[in-house]
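Student: The chain contents come next:
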Amino acid sequence: MTGVANTSQGRRMVGIVLVSHSSGLAAEVAALARQIGGAHVPLAAAGGTEDGGVGTSPDRVAAAIEEVDRGDGVVLIPDLGSSVLTARLLESPGAVVLADVPFVEGAISAVVAAGGGASLDGVLAAAEEAWHVRKL
Amino acid sequence: MNTEFFAAWIDEIAATVRARRDHLTELDAAIGDADHGANLDRGFTAAREALAGASPPTPGALLVLVGSTLIRKVGGASGPLYGTAFREMGKAFGEAAEVSPAELSAALDAALSGVRRLGGAAEGDKTMVDALAPAARALAQAVRDGLKAEEALDAAAAAAGQGAEATIPLQARKGRASYLGPRSIGHEDPGAASTALVLGALKAAASR
Numbered sequence: 012m013t014g015v016a017n018t019s020q021g022r023r024m025v026g027i028v029l030v031s032h033s034s035g036l037a038a039e040v041a042a043l044a045r046q047i048g049g050a051h052v053p054l055a056a057a058g059g060t061e062d063g064g065v066g067t068s069p070d071r072v073a074a075a076i077e078e079v080d081r082g083d084g085v086v087l088i089p090d091l092g093s094s095v096l097t098a099r100l101l102e103s104p105g106a107v108v109l110a111d112v113p114f115v116e117g118a119i120s121a122v123v124a125a126g127g128g129a130s131l132d133g134v135l136a137a138a139e140e141a142w143h144v145r146k147l
Numbered sequence: 273m274n275t276e277f278f279a280a281w282i283d284e285i286a287a288t289v290r291a292r293r294d295h296l297t298e299l300d301a302a303i304g305d306a307d308h309g310a311n312l313d314r315g316f317t318a319a320r321e322a323l324a325g326a327s328p329p330t331p332g333a334l335l336v337l338v339g340s341t342l343i344r345k346v347g348g349a350s351g352p353l354y355g356t357a358f359r360e361m362g363k364a365f366g367e368a369a370e371v372s373p374a375e376l377s378a379a380l381d382a383a384l385s386g387v388r389r390l391g392g393a394a395e396g397d398k399t400m401v402d403a404l405a406p407a408a409r410a411l412a413q414a415v416r417d418g419l420k421a422e423e424a425l426d427a428a429a430a431a432a433g434q435g436a437e438a439t440i441p442l443q444a445r446k447g448r449a450s451y452l453g454p455r456s457i458g459h460e461d462p463g464a465a466s467t468a469l470v471l472g473a474l475k476a477a478a479s480r
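Chains A and B, in that order, give the protein sequences. In terms of this note's numbering, the first sequence is residues 12 to 147. In terms of this note's numbering, the second sequence is residues 273 to 480.
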């Protein structure tokens with residue numbers, strides 16, 4: 012699938028969920044990615060436990076998936092440990108997929124690609140390119 | 273083994289985890305993030321409450337509910353892992369009202385497969401798999417040898433305990449402790465330790 016697909020809004024937009032142990036980390040990376048990639052991308056941060064602690068809440072992640080889902084697929088970007096396992100439990104082939112990528116760089120690449128109307132596979136591929144972006 | 277048996281198992285786990293909570297947290301403080309005891313205590317307490325509220329009709333339904341509750345309530349990586357283990361066991365039991373040691377053995381194999389699939393850990397990586405895998409093998413062997421349920425569970429619990437202890441000299445290759453590299457050597461893996469408690473509780477439930 013390439014080009015611009017038609018959705019209810021008329022333009023394809025893959026959703027992105029940042030999953031972290033820390034609600035602050037998820038929220039700030041989301042803010043950064045939004046600033047670089049565009050405020051129009053459906054992007055949600057799901058960090059921390061429900062009682063505000065460090066950890067992952069499957070309910071929060073599930074709610075975030077629902078929030079960003081425009082019918083074009085959702086990419087989950089976890090940081091590490093329980094975030095990865097929780098994200099894996101919520102995967103749904105072809106609809107909700109996990110990106111195994113560096114958290115900050117992957118999030119920015121994915122948001123930029125989604126903002127440009129890339130397909131689910133395209134957003135995933137863009138996020139994975141973050142593995143090859145060196146800082147120096 | 274019927275629904276009451278598995279409800280007793282969850283009760284035993286909740287009580288043991290509560291009693292050993294600080295020990296688990298100490299193990300986790302050495303090579304992880306010092307929340308394993310608290311996380312499991314919260315998870316199994318919630319599981320016990322969920323069972324009291326729902327009264328599931330079969331062992332399978334009971335274990336699936338326990339698994340789903342653990343996934344939602346534990347918070348750490350052990351939530352998805354234990355949750356998957358209990359859900360896989362529950363699914364393996366299907367609609368049966370009563371299960372045999374052979375069926376329990378098959379269910380434990382399913383739990384192990386689920387955990388390995390989700391976490392990607394193999395034996396020797398210093399994770400819960402190092403307690404779960406030998407326990408599953410010991411139970412299968414006990415069933416083949418025709419041991420009574422209580423003896424078979426005894427064998428599984430002993431194997432889990434030995435497996436957990438054998439994680440002490442290992443270097444972690446999965447989970448939070450793997451970030452420590454060689455510094456993870458010399459500590460018992462908290463996930464393997466709690467798995468030994470969970471399987472020890474199965475034996476305790478059988479001798480109730």
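None of these hints come from the bench; they were simulated from the model. Check each hint, because a few of them may be wrong.
Stated by the list, open to error - Pair ranges (Cβ atoms, derived): (1) A:140 to B:443: 51 to 59 Å; (2) A:77 to B:274: 18 to 26 Å; (3) A:91 to B:301: 45 to 53 Å; (4) B:369 to A:74: 35 to 43 Å; (5) A:74 to B:367: 25 to 33 Å; (6) B:298 to A:102: 30 to 38 Å; (7) A:82 to B:416: 17 to 25 Å; (8) B:374 to A:140: 19 to 27 Å; (9) A:103 to B:441: 52 to 60 Å; (10) A:77 to B:416: 30 to 38 Å; (11) A:77 to B:301: 52 to 60 Å; (12) A:111 to B:327: 39 to 47 Å; (13) A:39 to B:325: 52 to 60 Å; (14) A:142 to B:443: 57 to 65 Å.
Stated by the list, open to error - Here chain B is said to cover these stretches of chain A; the calculated rule only asks that three of the stretch's residues, wherever they fall, bring their Cβ under 8 Å from a Cβ of chain B: (15) 36–48; (16) 111–118; (17) 127–140.
Note that the structure is a prediction, hence the values are computed from the model and not measured. Where is the CB? At the ideal position from N, CA and C, for every residue including glycine.
Student: Which of the listed hints are broken here?
Tutor: Hints 1, 2, 3, 7, 8, 9, 10, 11, 13, 14, 15, 16 and 17 are the ones this structure does not satisfy, whereas the remaining hints hold.
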